[in-house]
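Novice: As a plain string of letters, each chain reads:
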Amino acid sequence: MTDLSTLKVPGPTVIPLTEPFWEAAAEGRLVIQRCGACGEAVFYPREICPHCWADALSWEEASGTGWLKTFSTIWKPGHPGWIPAVPYTVGLVELAEGPTMLSHILGETPEVGMKLTLAPTNIGGRVLPCFRPEHGVE
Amino acid sequence: MRPHAAIVGAGSLAPQRRTEGASTLGMLARAAKAALDDARMEKAEIDGLLVGPQVGETPQHVPATVSEYLGLQPVMSNVVDLGGASGPGMVWRAAAAIQAGMCETVLCVIGNHRNPEPPRSPNRNPIREFDVPFGASGANVSYALLKQAHMARYGTTDEDFALIAHWARANAQNCPEAIFHGSPASVDDVLASPMIASPLHLFEIVMPVAGAEAGIVTSAERARGRQAAWLLGAGEKITHRAVSQAPDLTSGPLKPSMDRAFAQSGLGVERMSLLSLYDCYTIMVATTLEDAGLCTPGGFGEFMRAHDFGPAGDMPLNTHGGQLGYGQPDLAGGMTHVTEAVRQLRGAATGRQIADPEFALVTGNGATMSEAVALVLGTDA
Ligand SMILES: [Zn+2]
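First to last, the protein sequences are chains A and B. Residue numbers for the first sequence follow the working numbering, so the first one is 1 and each next one is one higher. Residue numbers for the second sequence follow the working numbering, so the first one is 1001 and each next one is one higher.
Take the hints with a grain of salt, since some may be wrong.
[Said to hold, decoys possible] Pairs of lysine-lysine, BS3-like flavour, derived with a Cα cap of 30 Å:
hint : chain 1 : residue 1 : chain 2 : residue 2
1    : A       : K69       : B       : K1255
2    : B       : K1043     : A       : K69
3    : A       : K115      : A       : K76
4    : B       : K1237     : B       : K1255
5    : A       : K8        : A       : K69
6    : B       : K1033     : B       : K1043
Hints listed in this document are in silico derivations from the structure and should not be mistaken for laboratory results. Predicted model only: the values in this text are computed from it and were never measured.
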């Protein structure tokens, strides 16, 4: 399997608002926002709550668990930097807190509905919040 | 409801893989001229202009640039930026502007040239920040995720989806301009085509091409007595941009859009003589058939086996081949579903004319099943 850390691929385009997310990611953690007014968890990071528009978002540690809503195994990547890694899998992860994020899914046999857990992984020289099946990667 | 406006002319440039040295402005001009000629109207009658975005060539001041190039001085103009729903989105906006008394005859035009090496996206938006770093670049991934979700939820099969691509290729054999004219594909051919992003095969994905499409929308007064495709109903809905933010993976914003368009027209889907359904990928047609109520959720495969979707069939669908057969001229791809419906309703679909057309359903879809427009068009006001 290709060492993902050696890929020459685009990293995140970080802005000041989103820095806490990527700083936590670099430490192998997953943080998301929660609205102090309506109580909803929010991903991706916003200036104001997209549910109620309150200016009351703060960061919290996410549980790092979720389930796989859907996935795709990529054979012809949209970015040429990913070619050495094919086939690889991306998927939509519904976090235990509620929001859905797109992530890189480790493991050979993804299945819709499987439980996932956070698996911080170095991709292109940066540690990103990837996921793997809860019961480990074979 | 009495219709306020009708489409009285359609113009298309044949799709091409590349346009060495061509400008988008020049292509828009040729499509606009073809539409005006088709409408048998004079340039001086155009007093409104709706255009699509032109990423790269003219990032700003698009209506002014296009107006100047065409020698127009419109009293209503704008850019409609709804991805593949831009074309049908222009049509109802044109009708609304006409109804509001702002103008009388609107040129709706959209297209693009195509360089051998398209530039990489300059985006700095949430998709670029939160999806691309994980290996998810481009639309193929998003629609692969939608197809996988549909298969997982309903047990639909690759064979079900391949039927959609097969019919698109079959209908393209009646359209000499189509990119896949001369290249039909059986279900087995579709399934044997390379896997791009599982579960999407190559033949389930549109071929990107260059092209331009135009329509002339005019007031009821000016449309009367002409061969016209009347706007009987319209609906629009936008729900998200990134596929991760989609409120539902197996039903999209076309559902409420079609509901509204049918309600405005007072017609049901069973009255449609033509289904002109946006088909960037096979999964988009599957979801649209289900959202339209033509079959049960998850039941599109049975529906595809039960009908003949050719121009002489019982359920004509994308008689120009759809974008899966015709090619996808970028944002103009959605407009091909409008221009084809106009030709069919005006009896001008040479070589593939359906018999006694009355009504057509046209759908447009943008981004990741995010932006939706539905139109109901008819031969009579
Ligand atoms: Zn809130």
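Novice: With reference to the structure, classify each hint as holding or not holding.
Specialist: These are the hints, each one checked on the structure:
no., hint, result
1, A:K69 / B:K1255, "21 Å, holds"
2, B:K1043 / A:K69, "52 Å, violated"
3, A:K115 / A:K76, "27 Å, holds"
4, B:K1237 / B:K1255, "9 Å, holds"
5, A:K8 / A:K69, "28 Å, holds"
6, B:K1033 / B:K1043, "9 Å, holds"
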